[in-house]
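Assemble the complex: chain D is given as a structure, and chain A must be docked to it using the hints.
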Amino acid sequence: MKILIVEDEPKTADYLRRGLGEQGHVVDLAGDGHGGLHLALEVDYDVIVLDVMLPGIDGMAVLRALRERKQTPVIMLTARDRIDDRVQGLHAGADDYLVKPFSFLELLARLQALARRGRSQDAPQLRIGDLEIDLYARKAWRGGQRLDLTAKEFALLATLARRRGEILSKTVIAELVWDVNFDSDANVVEVAVKRLRSKLDEPFGTPLLHTIRGMGYVLELREARAP
Amino acid sequence: MSLSLSRRLALMYAASGFLVFSLFGLVMHRFFQHQLDLHQRSELATRLEVNEPLIRKTAEPARWQIVCAKLDAIFPADGAARFWVLSANPQYRYGGDPPAGIEALGGDGYGTLQLPGRQRPLRALVHSIAANGDRPEIRLVAAIDQRPYFDTLHALTFVLVATSIAGMLLVAGLGYWIARIGLRPLTRLSDEARSLSPSKLSQRLPGEPLPPEIAELAASFNGALDRLESAYQQLEGFNADVAHELRTPLTNLIGLTQVALSRERSASELQEMMQSNLEELDRLRAIINDMLFLARADQGELARNRVSASLAQEVSKTVDFLEVVLDEAGVRVRVEGDAQIEVERALLGRAVNNLLLNAVQHSAQGSEVLASIARDQRGVRVSVSNPGPVIAAEQLERLFARFYRLDGARSGSRDNHGLGLAIVKAIAVMHGGQVFVSSDNGINTFGFTLA
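Quick mapping for you: the protein sequence lines, in order, are chains D and A. If you count the first sequence from 1, position 213 lands on 212 in numbering that gives the first Met the number 0, and the numbers rise without skipping. If you count the second sequence from 1, position 395 lands on 394 in numbering that gives the first Met the number 0, and the numbers rise without skipping.
Read the hints as simulated data drawn from the structure, not as lab findings. Using N, Cα and C, we set each Cβ at its ideal position, and we do this for glycine too. Relax, there's no trap hidden among the hints.
As a list, the in silico DSS-like pairs of lysine-lysine whose alpha-carbon atoms are at most 25 Å apart:
{"#": "1", "chain 1": "D", "residue 1": "138", "chain 2": "A", "residue 2": "316"}
{"#": "2", "chain 1": "D", "residue 1": "151", "chain 2": "D", "residue 2": "138"}
{"#": "3", "chain 1": "D", "residue 1": "1", "chain 2": "D", "residue 2": "69"}
{"#": "4", "chain 1": "D", "residue 1": "151", "chain 2": "D", "residue 2": "198"}
{"#": "5", "chain 1": "A", "residue 1": "56", "chain 2": "A", "residue 2": "69"}
{"#": "6", "chain 1": "A", "residue 1": "316", "chain 2": "D", "residue 2": "151"}
{"#": "7", "chain 1": "D", "residue 1": "193", "chain 2": "A", "residue 2": "316"}
{"#": "8", "chain 1": "D", "residue 1": "138", "chain 2": "D", "residue 2": "193"}
{"#": "9", "chain 1": "D", "residue 1": "1", "chain 2": "D", "residue 2": "99"}
Cβ pair distances, simulated, as ranges:
{"#": "10", "chain 1": "D", "residue 1": "45", "chain 2": "A", "residue 2": "226", "range": "52 to 60 Å"}
{"#": "11", "chain 1": "A", "residue 1": "232", "chain 2": "D", "residue 2": "66", "range": "49 to 57 Å"}
{"#": "12", "chain 1": "D", "residue 1": "37", "chain 2": "A", "residue 2": "262", "range": "43 to 51 Å"}
{"#": "13", "chain 1": "A", "residue 1": "294", "chain 2": "D", "residue 2": "70", "range": "30 to 38 Å"}
{"#": "14", "chain 1": "A", "residue 1": "283", "chain 2": "D", "residue 2": "22", "range": "22 to 30 Å"}
Isolated chain D (complex conformation) (with noise of 0.2 Å):
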């Protein structure tokens, strides 16, 4: 994706460039409003990240500028996490938005919602190496074995499933699969995964589900180590 960054705080703007840089991504890098609309104009972006407090002139009036000519999806960041930056943001046509301190994964997963958007559905058969997931059945194979699965558990599975290769945070996870959006302290989600493993890799030699240690989970099929 072609992505625009308009962050006007250096070490963000680096980490972000440099992030979504080494996702494949191409990142332009505005450090002002008026540089970022000039940017936003001139340039075709598949998603503009952009920052509400920026000098210059501020995101909002960015975002309002560039919705007169242009419909590229926009994500806000914005440190106040109040609800009126939130319904001013949406009302000034921005696609989503992300309340500072965010993380980087939650940032990639909601550029990855924007992209897939308006993409064609999913594939109705998945396949992971010898793993195979039927949506519309809402059945799994591995190896051709039929995988016993809950049905918290098959959700959890396609999810994962659906965004192979990608590192999904638990809150990105709770969202998806059980369609809870707050912070919760509870450990739902490693237990469920906990779950899901025993019935998805214990069986079988290879791991496809592996824990990315302070982000995450990822379902991959991974060149087996030379021991």
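Frame of chain D, contents of chain A only:
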């Protein structure tokens, strides 16, 4: 504009003084008026009675001359008293031509008679005497001047009014003085209150030498100070707790990063250290987000995106989310009752999540937690009950305080930084409700109301 208390009291004293003196004056005035009237009547009656027997006996004109001479002696021509005898026969008349108003007096009895040239009417008494011999029926009219009577009444009125005004002023002045003396303890109290300083929070107003009414005021003021002091201490404690909660992860972060950088390390070693750092950072993020959330609630922010929802459904959704955790803990949750009310669903879910987690943490394996929803006249009550050890009454009210933990041992736990119930309280407040807690018969109930 507000009058001072002593002026207000003085004015009230003056007003009541005015009322009392006016009433007294009015009654006295009427009483004297009546007494003077009686006096006049008895004077008139006496004048008639003195002459009446002689006149009654007189039956011939020759004797009438004697009567007239006698009457002349009693009633000097231009005196204060006048006397007329009216008769059909001119030989039996006395007092000269009767004045014009005399016929208006009518029959026997008292009346007033206006004479030309006189400022005031005369007071008159008419008395008829039946015919005797040659003499026809005659009417006697005695009249006296009312001036002395009115003069007395005027003098009296003047004295009454003057006394009333003087009395009123005296009462007002005395009232002011009494109020000043009576309110002196209040002035003293306000001086004491003024000398209270924020640096000496434990300072209180002295209740001892004060009269009971004001001592009560001082006591309630001291009560407010108590609450303020405890809130202040709680806030100070809260700040200390925040610093403490942040200090642990920060210490870990700084220390581990310094260790990491102190020598050459392999990529996998560095990776592991950064992962550990990330966990600490995530903990910091969670604490900061919760603190910001509480701060917003403190600033009076209300739930805005309220939509009508079935609470049983919302609670069940959270139970569903926690299913694996409940399962691991061996705890079942029963949802009872339902109500439809407007809520911000994410906030409600969070509150119920925190209450359920709290219940699960304090429930034994195999126990049942009851999530109950009930409507009462003020709104909806959502409560979560679990069997558990009795919680002391003095601890109950502090359970919803920030960073308050029942068992100190849990402090610093990774899953729980002691803000769970404080957040429930904030969410209740954001929905115009409040929290409640009880501990009876081995059942501990935590809940909140929504309005």
